[in-house]
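Asks: Spelled out, the chains give:
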Amino acid sequence: MTLALILVPLGAAAFAFVIPSDRVRPLVLPAAALTHLLLTGVALAGLVPVAHGAWLQLDSLGGVTLGLVSVLFAICALYAPGYLRVRIDRPNRILCACLLVFLSAASLLILSQHLGLMWVAVEATTLATAPLVYFNRNPRSIEATWKYLMIASVGIALALLGSLFLAYSAYLGGGEPSLLFRALLESAGNFSRPWLRAGFVLLLVGYGTKMGLAPLHTWKPDVYGEAPGMVGALLAGGLTSCAFLALLRVYRIVNAAGEGAFARRLLVALGLLSMAVAAVLMVRQRDFKRMLAYSSVEHMGILVLGVGIGGAGLSGSILHTINNGLTKAVLFLAAGNIHRAFRSKNLDDVSGALVRLPLSGGLFLAGFFAITGSPPFGPFVSMFAILNAAIASDRWIVAFLYLALLALVFLGMGATVLAVVQGRPSRESLESPYQDNIRKTGPILVSMALVLLLGLWIPEPLRKLIAGAAAGFTVEP
Amino acid sequence: MHPADLLLVLVILMNFLALGASGMRVCIRAAALQGAVLSILPLLVHREPGWNALLMAVGAAALKGVLIPGLLLKAMRDVHVSHEVEPYVGFVPSLFLGAIGTALALLFAGGLPLAGEHVGTLIVPASLATLFSGFLLMTTRRKAIMQVVGYLLLENGVFVFGLLLIEAMPFLVEVGVLLDLLVAIFIMGIVLNHIRREFSSLDTEHLADLKE
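Residue numbers (the numbering used here), protein chains in the order written: chain W, 1 to 477; chain E, 478 to 689.
It should be emphasised that the hints constitute simulated quantities derived from the structure, not laboratory data.
Computed from a predicted structure; not experimentally measured.
We treat Cβ as the ideally placed atom computed from N, Cα and C, and that holds for glycine.
Treat the hints with care, since some could be wrong.
[Unchecked claim] Have a look at the derived ranges for each label pair, beta carbon to beta carbon: (1) E:N529 to W:A14: 25 to 35 Å; (2) E:V566 to W:L430: 45 to 55 Å; (3) W:N190 to E:V486: 29 to 39 Å; (4) W:V42 to E:H560: 51 to 61 Å; (5) E:R674 to W:R439: 28 to 38 Å; (6) E:L656 to W:L430: 49 to 59 Å; (7) W:P194 to E:G500: 36 to 46 Å; (8) W:I391 to E:I517: 51 to 61 Å.
Okay, chain E solo, but in the shape it has when bound (with noise of 0.2 Å):
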């Protein structure tokens, strides 16, 4: 078994895990833990790890496991709003969701050729399961902070699958899945804020005015 497989399970069970929460706070911390376990992959794939690749570790980490997860958490403390996640479709259907998910990523990927050094790896899988669930927490959840952070989890599902290309590529990975995190939850964060001064709460309910 690859090394990094163990850790891509771990990446895996931490979708089920902010699926299945009913507190926000845990469902943050999952996608931060599962952003922190991701960003040491790199350096376990690499078959020579140079500086940009520990750069690069140290930089998703940072900004994964701590910087945003922290913004989240704060953003939580700075509105007085109950701490339950509030879900449309309850947690055990997300929960059944997100394993059917889960089985039909592991059979997707079967079916998809993959360079020698790939082959056998739950690189791919490990990508789809948790770009799926990321949707799944996005579409159902009511909270905004939950929307972002499923919109964590996609990014994670996408850094996943940058794994495969990280040699030959690394320009269009790091680049890409850095400045997307960065940017997008940094924009979305002085959106929230104002979210937050407009209604007082972070529930979308309150966004529902523009319909058909």
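In isolation and in its complexed conformation, chain W is listed as follows (with noise of 0.2 Å):
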């Protein structure tokens, strides 16, 4: 059953590779999404405590991230036909296979109970998605290629070198040597305390490579701008989130060592760091796709933020992984069919998206008010819990700072959101034969109305889901 999560999608994956058609191919894609997500329900309906000495398990805080992955995959998936017919004049044999091995070492990334083989998830979603960055072939989308290549593989080093130092830590702390969670957990107390530290400190930059944590970000405003709209929600909503989970695993076996405070400190100074930066580079961004990628940096600080503050802010991030990814989905697949009908990304070019595209352009305006943090969408929910949080904590500076930041980000971000969907659009966008259809809008109008339930109503089951992901980081004393 575990294994199938894994194995449909790569199998899938050579499917699509042997077939002739570019026309045919991508119909593989929206199968398998549908597949992985009737596994991922079963799983997670029959979730149970992981096991001893099991390498590959589900447990509560991985099936979040599986959950939001399958479903933001699906919705990707089902978008795929009518985008590739749209670009049928570029070959997508190697885009079709690799999202889907994508979507299987994701799968394997977030099973993975074993430090060592999460390290191999990660790296093998890193070298599955740097080919979907090169789908234009052109001088720019090579460079964003390099980019990610080059400054990933340092982050994915430094965070094997990080998972040595946690592993000569517990070598130093005696009794049997494993790198199984649970196994690590159970010893934490007796690691060595210097090499945790400094363990730690390169897996959250290793990792934080991979969220695209700023000062470490910039590979990020590349690759989203270059990418095509659905590669782009993949890696915001899905990669993201799937190295958020590996930090957190990481995480969970420091505090647990009982270097909590220490950790946290770093997770608050790196997230708010994030979120500035995000707001200082949004404002007067005049590229709407790379304006998305910075808007993913600010929400990657949101995440470790929630780490950092605690408690409830913990819960709060887990939520936000959900809201955020979802919310990605829209934005990035609306800009997408923007992309498309204006045939460019800029905003010397494109104006009154909503004129143009009322749909597609409508939904990129309340993606907008959902990623902001505007309610009644869910990411204001979970922003909101976080906050909470922080001043339940009296971390008045802290919650100052997200406050002042978010404000600035809704002003930065909004300038140009406003300037893509209003006015007038240029006559040569008016002739350009692009049209909106239900399949290249339909998956998106999911995607909201997803993100709008969330806001309204958390069913139970997930609600549950969060509070055991949560609870295992509760520390006995």
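Using the hints, build the complex out of the two chains.
Replies: Dropping the structure here:
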């Protein structure tokens, strides 16, 4: 069952790779995605505590991410055939295969209960996504791919070193050498503290690079700017959430070892820095896809900030991975449609999206309100929970900075988004053949509906799942 | 003195060679020699080297010492550009920074506790110094090939650190290091190839369209 989550997408990738027709091949994506979604549902229904010695098993924390990735992938996979029909001039063999390999690697990452195996999976997600960025095969996209590979590879090398540090810390602590999370959590109290701290810093830098936390975010605007919108949605909503999960797993060990306060200080600092960098760079951003990249940097900052605040902030962050991921799907897919219709992603050429593409433009605007934390959408709930946690723990300065930066982001992002949707569309854009249709807006509508739903009502099973995930972080005295 | 320490000194010297050389061939060869020297180390550190340690040594030597440097040298032959390194930061400052990094690595390593069998060896400082040199090369050299060489050094640094755990947790070390290297370099090779086709050069100066 667990293995099927990894093997089904992998098999589908091989199948997609051998299909000769560029028109038929994209249909493998929704089929594989819906199977994966079904398997995810079954796996979530049958959650049990992690067994002793299990290398691959779903736990509550992984369950949240798996649910998000599976739903997100399904939304993107339903969108893909319509998009690839518009881009029929480009061969899509590598794109389809790599999307499915990414789903497989992400599932492996989520299910991993072993420090080393999880690292291997993170590496696999990087390698699977690099060819996706290069889909357009032009000088700009190769530049983005090169930057992504270099920066992500360094990050992953540092994460490996951090994992080795953590392992050495456990080795010095004595006991049976095992890198299973369960064993590490049980023996964490004996770990060598200096190695553990140094290891956490390296892992934070390493997996933080994958998440795109400032100051390690420099690949993000280039990659999200050049990759197709669908790929951007998967990266900004799925891959970053997987990297966040990896960081959470490491944090959990460090916390169990009694170094939680040290880790939380770092997380708060890095979280606020990411929000600040994003807010500054978002002001007067002319390229609306790059703007979305900075929004992603901001929300990665919010995620680690919530963990750094702790308590209710942690469960707020876990909920926020879902809200952020689904809203990013809305924004990136709608941005992709606007990009196609105007054949540009620069404000010099784009205006009046609401007139040219009422549905995609409207969804882009709604997505903007959602992601900046306006009620009644989902992100409002989780961002508010993080604010509440900051106030409840008397961190007035953190709470103030958090609110101020959110306001700044709202203004900066709002200026760009309004310039995209308002005004009159150019004549060239009205003459371009691209039209919205249900295949290209339906998946976005589904995603937007989920974002709205999560803002109004959190279903009981999800509430339980998040509570279970957060409970794993409490350290018994 | 532990026999491994002699080789580790050689590893550190190779860092300086790579930092100070003005020709790309020399840099690639320095990285190759460093990789080859490193691959022998697991045999010296193991108390009773078994078949998997031997396999690891041979595999790492073939990959780090022969295959990857060979690919890089071939990439250089295929594209007719100058073989100068063309650094953003000069060679003397690079060497100076490298020396400071090595000194800091020694200091930092002195402050960390070690298991009995590792006390007094150069494993941790050599690892950190190599890591630092790799960073320096990646950030201060213009050619894409040199950035890959920097990445190789970075990986070598991680590999040296892995020596501490090679007996306790062979899986993590072996799988981690080899997979990282093999696949990352493989993909980088493909991208290098595309860069060459697109720009007929391997100068990352061309990769500067995307800026704020």
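Asks: Are any of the numbered hints broken by this structure? If so, which, sorted upward?
Replies: Of the numbered hints, all hold.
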